[in-house]
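There are 2 protein chains.
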Amino acid sequence: MAEQNDNKVTKIVGKQSILFANAPYILSGSSIAGKKEGDGPLGSFFDQIEEDPMCGGTTWEDAESRFMKRAAELAIEKAGLKSEDIRFLVGGDLLGQLIATSFGIVDLNIPIFGIYGACSTMGESMALGAMIIDGGYADKVVALTSSHFAGAEKQFRFPLAYGNQRPLSASWTVTGSGAVVIGSEKPAAKAKQNSADNGSIRIKGITVGKIVDYGLKDSMNMGACMAPAAYNTISQNLKDFNILPNYYDKIITGDLGYVGKDILIDLLKQDGFDISANHMDCGIEIFNKDIQDTHAGGSGCACSAITLTGYIFQKLRRHEWTRVLFVPTGALLSQVSFNEGNSVPGIAHGVVIEVS
Amino acid sequence: MAEQNDNKVTKIVGKQSILFANAPYILSGSSIAGKKEGDGPLGSFFDQIEEDPMCGGTTWEDAESRFMKRAAELAIEKAGLKSEDIRFLVGGDLLGQLIATSFGIVDLNIPIFGIYGACSTMGESMALGAMIIDGGYADKVVALTSSHFAGAEKQFRFPLAYGNQRPLSASWTVTGSGAVVIGSEKPAAKAKQNSADNGSIRIKGITVGKIVDYGLKDSMNMGACMAPAAYNTISQNLKDFNILPNYYDKIITGDLGYVGKDILIDLLKQDGFDISANHMDCGIEIFNKDIQDTHAGGSGCACSAITLTGYIFQKLRRHEWTRVLFVPTGALLSQVSFNEGNSVPGIAHGVVIEVS
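First to last, the sequence lines map onto chains A and B. With my numbering, letter number 107 in the first sequence gets 927, and the count goes up by one each step, no holes. With my numbering, letter number 172 in the second sequence gets 992, and the count goes up by one each step, no holes.
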């Protein structure tokens, strides 16, 4: 892949991928996590643990907006920047009409591209953000997303007060928000000091996801619904860039959980790709299922977002990993589509992140 | 603006705008309209009028998906292309979690960036689509959106069967879908014959919108809620490009309606810009309020989308207009945010479209 990158003209790679001529830099990342996430195995990696599920707000939606605002402000601060230095935001959330995002970022006064990719949103926002930077349309953008357990339960299933039982295949929506500042140039030494991030983490390429529908209808088993989309994106990434799974130190899906992980590995074997040795799923890593009662694993836009900004970036900064394929996965359903008996299609966007 | 375009490097213009180094071409546009829209003043301009509000489907959401699928397929066909020629889709709709889009385009098997900008979605999708083309990440993309009167009423207000009364400031959500094929090169002569479009319509630049919240809370008066966002985007477009309103033959907002139009014109006068002579609002044009009972005008993502692809493109092809600023306007609310007493912020994305 490195050799192809020497060609400054060809950005279109294979069927669904892009190789950046001037791979954008990750200037900083922020991770604001809820209490349960802070109690989980990755707790020590997050920038902030917010103990109050309302985050000082008055509704679940307001709380999520506050998480997102804090994530955006912290990422900008860690990069040694001010909000007026950020040309565009690219972001979204799980709630209908993106209200967590709208009310979360309005005070930042930055032009925004609102996006929706369900729990694949962090991948979509980083993919678009990297194109905006590499294309010369901005020198600094923020890609961000959020989710909230209580807001998501109310939006997609039942209000918490209803006390609905959850099957073992159900996942637990992560409460939190992650933001990434993407820039065209390596950060200055000063910014590096202020930030925990090493400026040499770059977005080398992306693989844009298709909507994949295997006809599954169980909104309580989203891992199975999303696995075919993750399979499509990962398989296409490997084919487009003509590489094998071991090119990456880790191939990291968003929130397939225990059920989806097995399906993904099986599906990729059909194409001759074995990722069992280097696959990781953020939904599996973020909670301890034995003591946190989180069933199939974590989910939600923030699951992959804060695992990326908290945990994965640290692994890259320490050069424990040097190349990862980050593949957040989204289940495309709404309360209406579910109640009308529709299937739950999936989508997954791949982001190639490397450190040098 | 033309002079600036000779500079192939500087794409960043002013605070919120981009000037494309290689202005992308509009290869085709399609407009699928509902019956009421077909009965309106612009009826003769639309490609297809679908008399069945269900579009052969079983639910309002399914109907909207069918409108969108038809718009996508027709735009691709009019450009003389097949779906496998389209590298990416950029699109979204008004429904929670974009279900009209997800189920509408899944069969096209094209990688997609799902976006949400409320009724500004056509502007956002064309802005991102043009960046993807100008940046060299694709040679052909489709930007598209849809809305449906009955689906939107159910989503944002009350199901139709409830028979809710509508105040005079309320707008009427347009049923339909519009799609645009954007390409890096002028279409071949053959495609021109098949298509009604002249290949010399190009996207010269964009102005990305901020979320603007004046604190208005009336979801039945969305024109007033969105006017400040349209004001911000139009004023910034004129400042960023250092032009006066008469640079454009038309400055075209999406769905401000009669109430919002007056507010917009007043707000722009504060900045010394008088657009009263060349302003047009798609929501005002699309219905005849005296005989169609549509109160403040049309709204919904499809309002500006089909007015663009049906009417505005024809004006440009005939060179009756040569430069327009297309500014779809979105009201950022959900049923939840409204019921929780939140304000209704607005957003507007500007697209500079010129014919040569």
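Be a bit skeptical, because a hint or two may be false.
What the hints assert, rightly or not - If you want the ones that stay clear, here's a sample from chain B, every Cβ over 10 Å from chain A, calculated: (1) F923; (2) D954; (3) G955; (4) E973; (5) S989; (6) S1020.
Unchecked claim - Partial list, derived from the structure: chain A residues whose beta carbon lies under 7 Å from chain B: (7) I838; (8) Q917; (9) D1113; (10) F1158; (11) N1159.
As the list claims (entries may be wrong) - Just so you have them, the derived chain B footprint on chain A, three or more residues with Cβ under 8 Å: (12) 856-870; (13) 956-963; (14) 1133-1142; (15) 1146-1154.
Think of the hints as simulated: they come from the structure by calculation, not from any bench. We put the CB at the ideal spot given by N, CA and C, even for glycine.
Indices of hints not satisfied (ascending): The structure breaks hints 1, 2, 3, 9, 10, 11, 12, 14; every other hint is satisfied.
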